[in-house]
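First to last, the sequence lines map onto chains A and E.
Add 1 to the 1-based position in the first sequence for the working numbering, that's all there is to it.
Add 51 to the 1-based position in the second sequence for the working numbering, that's all there is to it.
Heads up, some of the hints might be wrong.
Distance ranges between label pairs, derived from CB positions [to be verified]:
1) A:GLU69 to E:ASP60: 41 to 47 Å
2) E:LYS288 to A:GLU69: 35 to 41 Å
3) A:ARG66 to E:GLU242: 42 to 48 Å
4) E:LYS288 to A:GLY92: 50 to 56 Å
5) E:GLU281 to A:VAL51: 46 to 52 Å
It is worth saying that the hints were derived from the structure and are not from the lab.
We put the CB at the ideal spot given by N, CA and C, even for glycine.
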Amino acid sequence: MLRAEYKAEGGKLIKVQLSKEDNRIGFIKITGDFFMHPEELIEDLEKSLVGCVINENIIAETIRRFVEDRGVILLGATPEDFAKCIVKAGGGSG
Amino acid sequence: MVEEWRLLDTGLRDAYYNMALDEAIAIARSKKLVPNTIRFFRWEPSAVSIGYFQSMEEEVDIETCNKLGIQYVRRRTGGGAVYHDRDGELTYSIVVDEGHQLISRDLQKTYEVLCSGLVKGLRVLGVPAEFRPINDIVVEGKKISGNAQTRSMGVVHQHGTILRDVNLKLMFTVLKVPSEKIRDKMIKSVEERVTSIKKYLGREISFDELKSALIRGFEEAFNIKLVPGEVTEFEEKLATKLRDEKYSTREWNFRR
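Extracted from the complex, chain A is given alone in its bound form:
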């Protein structure tokens, strides 16, 4: 499992655990001390990222779309912060 931590500009810490398949996200778990409403959508957000190419712009766009479609509110971390952390985790050889 690949792991990374990233301190968001808002001050919150994002942690990502993922597995990689052909430079795409196989499994992903996002944890940390950020705020997201409704909370229970975190698992759907993770699911929406499975299969996504590990590329910062693509991941950020996927998360932005999820946030918009599902009416999610983020506080203390942005889609870009999540994307940075995911790419940091997935950057090494998987």
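Dock chain E against the given chain A, drawing on the hints supplied.
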């Protein structure tokens, strides 16, 4: 006529019940069974609560907690891990209708408004507290209170901690630190960032004194009157159910 809110003081309870009762009050409020409510509570045994999105294994030294008889529980709110010392810390929760004039659509603004009651209360005690975004209250730049909020079912629920006294050594025995080597260094750096009422004033403030000050702070900041009340039968039954079926379960506490 000043608006009346219910004041609950549920004293010392275990971690699972404490978190279950918070949710039960929010559900009761959403069904209009109870008025807007402010609750004070403490933890017996001492406990660690983690944010909704945190991993229990990553944040909490489970083995040490088990050895010391310290409970651990996942909150329904986001945010970070908190050590709730039985004798050091007071916890509060606010449950208020989302349509209330105190509540704005802007989460950051709502934190600031709801924290203003605590800020006022701490100032009553001579502690020059200030709100610091996103969700902290600080004194001379050092954190004295952390707060977390969620909204669902048309209800805003915020809870948080006020450090009356703090034992950082114990705090970092139960919360995981990146490595043993940096534990002392980390405690030192946290010492520069965290304070308590006792540390700032140089004297002990009793729980009763603290609660009286916070009641005044909330009443003045929110322009309300807090009327001492009781947990309803509906809330009590639901809290017991949520404790047994959710907050005390491994599925919930270790789900992330």
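A quick look at each hint next to the structure:
1. A:GLU69 to E:ASP60: 41 to 47 Å: holds, 43 Å
2. E:LYS288 to A:GLU69: 35 to 41 Å: holds, 39 Å
3. A:ARG66 to E:GLU242: 42 to 48 Å: With Cβ atoms ~43 Å apart, the hint holds.
4. E:LYS288 to A:GLY92: 50 to 56 Å: For LYS288 of chain E and GLY92 of chain A the Cβ distance comes to about 51 Å; the hint holds.
5. E:GLU281 to A:VAL51: 46 to 52 Å: For VAL51 of chain A against GLU281 of chain E, whose Cβ atoms are near 48 Å apart, the range 46 to 52 Å holds.
Of the numbered hints given earlier, the model fails none.
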